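Asker: Using the hints provided, position chain P with the ligands relative to the given structure of chain E.
One line per chain: the protein sequences are E and P, in this order.
Anchor point for the first sequence: position 193 equals 193 in the UniProt record's numbering, and the numbering is continuous, going up by one each time.
Anchor point for the second sequence: position 63 equals 63 in the UniProt record's numbering, and the numbering is continuous, going up by one each time.
Within a straight-line C-alpha distance of at most 25 Å, the following computed SDA-like cross-link-like pairs (lysine to any residue) qualify:
(1) Lys227(E) to Ala356(P)
(2) Lys136(E) to Gly26(P)
(3) Lys136(E) to Gln182(E)
(4) Lys50(E) to Leu219(E)
To be clear, the hints were calculated from the coordinates, so they are not data collected in a lab.
Because the structure is a prediction, the values reported are computed rather than measured.
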Amino acid sequence: MAATPLLELRGIDKSFGPVQVLHDVGLSVYPGEVTALVGDNGAGKSTLVKCISGIYPIDGGTVTFEGNEVAIHSPRDASALGIEVVYQDLALCDNLDIVQNMFLGREKTSGIVLDEATMEEMAGETLRSLSVRTVKSLRQLVASLSGGQRQTVAIAKAVLWNSRVVILDEPTAALGVAQTAQVLELVRRLADNGLGVVLISHNMNDVFAVSDRIAALYLGRMAAQVKASDVTHSQIVELITGGRSGNLGLPAEKPSEFIDITPGEAQ
Amino acid sequence: MRAGPTQEEVRRHNLGTLLRYVHVHGATSRAELTNRLGLNRSTIGALTSELISVGLVSEAVPRETGRAGRPSLVVRPESGRVYAYALSIEVDRLRAARVGLGGRILEQYETERPPGMGVDDAVQPLARFIRQMRSSVPDDARCVGSGLAVAGMVRREDGMVRLAPTIGWVEEPVGPALSAALGESGRLSIGNHADVCALAEHARGAAVGCDNVIYLYGDVGVGAGIVAGGHRVTGHGGYSGEVGHMVVNPYGRPCSCGSRGCWETEIGEHALLRLAGRTGRTGRDEVLAVVDAAMRGDSQAQHALRQVGDWLGFGVGNLVNIFNPEVVIFGGTLRDVYLGAAAQIRSRLNAVGLPACREHVRLRTPELGTDAALIGAAELAFEHLLDDPLLS
Ligand SMILES: Nc1ncnc2c1ncn2[C@@H]1O[C@H](COP(=O)(O)OP(=O)(O)O)[C@@H](O)[C@H]1O
Ligand SMILES: [Mg+2]
Ligand SMILES: [Zn+2]
Chain E
1 MAATPLLELR GIDKSFGPVQ VLHDVGLSVY PGEVTALVGD NGAGKSTLVK CISGIYPIDG
61 GTVTFEGNEV AIHSPRDASA LGIEVVYQDL ALCDNLDIVQ NMFLGREKTS GIVLDEATME
121 EMAGETLRSL SVRTVKSLRQ LVASLSGGQR QTVAIAKAVL WNSRVVILDE PTAALGVAQT
181 AQVLELVRRL ADNGLGVVLI SHNMNDVFAV SDRIAALYLG RMAAQVKASD VTHSQIVELI
241 TGGRSGNLGL PAEKPSEFID ITPGEAQ
Chain P
1 MRAGPTQEEV RRHNLGTLLR YVHVHGATSR AELTNRLGLN RSTIGALTSE LISVGLVSEA
61 VPRETGRAGR PSLVVRPESG RVYAYALSIE VDRLRAARVG LGGRILEQYE TERPPGMGVD
121 DAVQPLARFI RQMRSSVPDD ARCVGSGLAV AGMVRREDGM VRLAPTIGWV EEPVGPALSA
181 ALGESGRLSI GNHADVCALA EHARGAAVGC DNVIYLYGDV GVGAGIVAGG HRVTGHGGYS
241 GEVGHMVVNP YGRPCSCGSR GCWETEIGEH ALLRLAGRTG RTGRDEVLAV VDAAMRGDSQ
301 AQHALRQVGD WLGFGVGNLV NIFNPEVVIF GGTLRDVYLG AAAQIRSRLN AVGLPACREH
361 VRLRTPELGT DAALIGAAEL AFEHLLDDPL LS
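So that you can see chain E by itself, here it is in the shape it has in the complex (with noise of 0.2 Å):
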């Protein structure tokens, strides 16, 4: 596995007004390698990837993108540098086919003029890259596809472009158990396929199935990174509800008390 992270967030603060969301986030994405964020309601995480999508500025901390320090300022720098959100609600058209969905909104990022053979061809070639068998014809409205194949749809967009980094935010929920098992082994493989994958998920065997690596927010603050090798779902629940698991996750202490106790640290 990769050592070095294609994205890596440090210090990340966020406030809404006078109420701090974020404090001193740090999150770690791989390349090849699903990285689940997880966390009670509330905890942060849509604000966290808003942040990172370009939705909400942030207050402090730095976005490193394959090593270089990046400022993104809109949904349109994070696309340039090749991330790609696929939001809860998806934002898809039920009126157009499944081709003319995974170009929408994408004509003027790109500045190039696509003639309708190019597009379908290149929308055939993304699912096939992505074994995507459940979709029949790509001139389908999108209106007659099921929630997993919308889903489908919805991801392949996002990787449509060369993309490098990609977050899904549930995106298997409302869907059955068939339509589970074919989105989440499409993120799986989305990651096999060298993209750095950020999963949120309430699901804990979502999260087990395709994981490299489980994050756990906890009261905005990011309890622990850990491997999904060397967890059980127990610590990952005790992360999730308390902060702290053993010796995962935060401090007991406030941080500053901490640190004028670690040997060789003192200031």
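Answerer: Leaving out everything else, chain P with the ligands in the frame of chain E:
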């Protein structure tokens, strides 16, 4: 001291290497072949011509290269003209296919196998499928042989099924019976179902590029196909990989093999359905129904899935400690169990797997689905051709 290989031996070996490369990787440019195989351009040219002359590959100018200069010719396997018949005898299904060189399924058929169906009754529909496919094969196409996958313990040398408890066969000469029914279809190679699935996923599925692989296949029973150090582990007689009969619980339930507390009595379909309160049912749809019920909050289904997940995690932990695989693939209905109980499985594996053995293991579901058995069975038949492409 033994003399080095003769020029002729080297040439035949290189022919096999080139053919195997395009069989596994599909259409490949001459330039890339030169790189990958470490042979010079003129050698690649000569080998390609020879394979073209015997009808095993074709060569064409690529559609577009996007680069200036003369494009490198692309070599592809003759998938439409060189093929094998692939057959699979499974717990509740009989499948047959014609598979082209390159691992492409050209056509496929299947029918149910009712419980208790004997060997003769199972061989008849398979032979009928093959006769049907034979009648529509193009005149210039060439059959290289047939491969059969059986969900049971098969003697490698003659295809004798020694024991297939989930199918209900003991000491049945399936290989000879099928050969007799097929008539002149070339050589018949036989392998275990999980073994050939592992072969297929290793060559062109979820385990490509991995030298150490455990493919677990589960339905009523559980078996494994194991690749260690890049080689299939088949055992002395062809019977290895019977992980479903590892005894994990000496006080457990009787197993179809005659023993007690075998792994499959804890993680097979019967165990899941019994724990979920659905005794007497079986099959993939029933397993999916339990996972679905668990997702929707049915506490008995959740409990069943957790318990099976626990036992699955313990066993996988043991296998990981023994084999230190790069990847473990969950096939058959274990795919659905894995996705529905991954938190349990991973937690147990992390608790019993030694850190050094488990740190890099990837847990995956199959990429080839139910096609794996057919693609893998065909792979058995192609093996002879790939070993020596000029052998006819
Ligand atoms: N636009 C906003 N204005 C004010 N408060 C917000 C805004 N968005 C989120 N919050 C607050 O920030 C906290 C984190 O929310 P969110 O990031 O949505 O959490 P999660 O996605 O983990 O459930 C919550 O307390 C929420 O009420
Ligand atoms: Mg949210
Ligand atoms: Zn047994």
